[in-house]
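Novice: The whole structure should be built from the sequences, with the hints applied where relevant.
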Amino acid sequence: MEEAASDSTLYVTQTLSEEGKIPNVLETAIMDMGRQRGDKTFCPSEIARWMYPEDWRAFMPDVQEEMMRLYQEGKIVVTQKGNEVDKNQMPAGPVRIWVPKS
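Mapped onto the numbering used here, the consecutive letters of the sequence shown carry residue numbers -6 to 95.
Hint data in this document are derived by calculation from the structure and do not stem from the laboratory.
Heads up, some of the hints might be wrong.
[Claimed, not checked] As a list, the in silico SDA-like pairs of lysine to any residue whose alpha-carbon atoms are at most 25 Å apart:
#1 K94 - N81
#2 K68 - Q82
#3 K94 - A51
#4 K33 - M44
#5 K94 - G67
#6 K80 - E47
#7 K94 - F35
#8 K80 - E58
#9 K68 - T34
#10 K33 - Q73
#11 K74 - F35
#12 K68 - D79
#13 K68 - W91
#14 K68 - A85
#15 K68 - E39
#16 K33 - N76
#17 K33 - S95
#18 K74 - D55
#19 K94 - E47
#20 K68 - E47
#21 K74 - Q57
#22 K74 - R62
#23 K80 - P54
#24 K80 - P46
#25 K68 - F52
#26 K74 - T34
#27 K74 - D32
#28 K94 - V78
#29 K74 - W43
[Unchecked claim] Taking CB as the label site, the calculated pair distances span:
#30 S95 - E47: 27 to 37 Å
#31 E47 - K94: 16 to 26 Å
#32 E47 - G75: 24 to 34 Å
Here the structure is a predicted model, which means the values were calculated and not measured.
Here a beta-carbon is modelled for each residue, glycine too, at the ideal position from N, C-alpha and C.
Specialist: Okay, here's the thing in structure tokens:
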């Protein structure tokens, strides 16, 4: 009789949204951070550090891309030195994210 090999793979399941889409984890994190902060802004690096504490810098481009997508869709506001940034260009330098109350 053969023994079955032990499978130590971790399977992550995601629940489909009402629209039938798999939720975007970075969008969820940005929107949740905004709800937690209320009227206060936050830095995109806070999302990367929250989600990927060991290697957060490697994930900054992903967080920034998602930030700009949400900004272009009007779900968040991205500012630099208190002014909204251009929606069509990735800002250089530090920015802040604000999630308006819906």
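Novice: Evaluate the given range 24 to 34 Å for the C-beta pair formed by E47 and G75.
Specialist: 33 Å Cβ-Cβ, so the 24 to 34 Å window holds.
Novice: Given the hinted pair K94 and N81, is their alpha-carbon gap at most 25 Å?
Specialist: 23 Å, holds
Novice: Does E47 sit within 25 Å of K68, going by the straight-line distance between their CA atoms?
Specialist: 28 Å, violated
Novice: Given a hint of 16 to 26 Å, does the C-beta separation of E47 and K94 actually sit inside it?
Specialist: 33 Å, violated
Novice: Between K68 and Q82, is the straight-line Cα distance small enough, at 25 Å or below?
Specialist: Satisfied, since the Cα-Cα distance of roughly 17 Å is no more than 25 Å.
Novice: Quickly compare the C-alpha distance for K74 and R62 to 25 Å and report which way the hint goes.
Specialist: This hinted pair holds, its Cα atoms lying about 20 Å apart.
Novice: Taken at face value, is the distance from the CA of P46 to the CA of K80 at most 25 Å?
Specialist: 28 Å, violated
Novice: Hey, K80 versus P54, does the alpha-carbon distance stay inside 25 Å?
Specialist: 16 Å, holds
Novice: Would the hint linking K68 and A85 be met if the CA-CA limit is 25 Å?
Specialist: Between K68 and A85 the Cα gap is close to 21 Å, so the pair holds against 25 Å.
Novice: Hint check: K94 vs E47, CA-CA at most 25 Å. Holds or violated?
Specialist: 31 Å, violated
Novice: Under the criterion that the straight-line Cα-Cα distance not exceed 25 Å, is the pair K68, E39 satisfied?
Specialist: 18 Å, holds
Novice: Between the alpha carbons of K68 and T34, is the straight-line distance 25 Å or under?
Specialist: Holds. K68 to T34 sits at ~14 Å (cutoff 25 Å).
Going down the numbered hints, you'll see the structure goes against 3, 6, 19, 20, 24 and 31, while the others check out.
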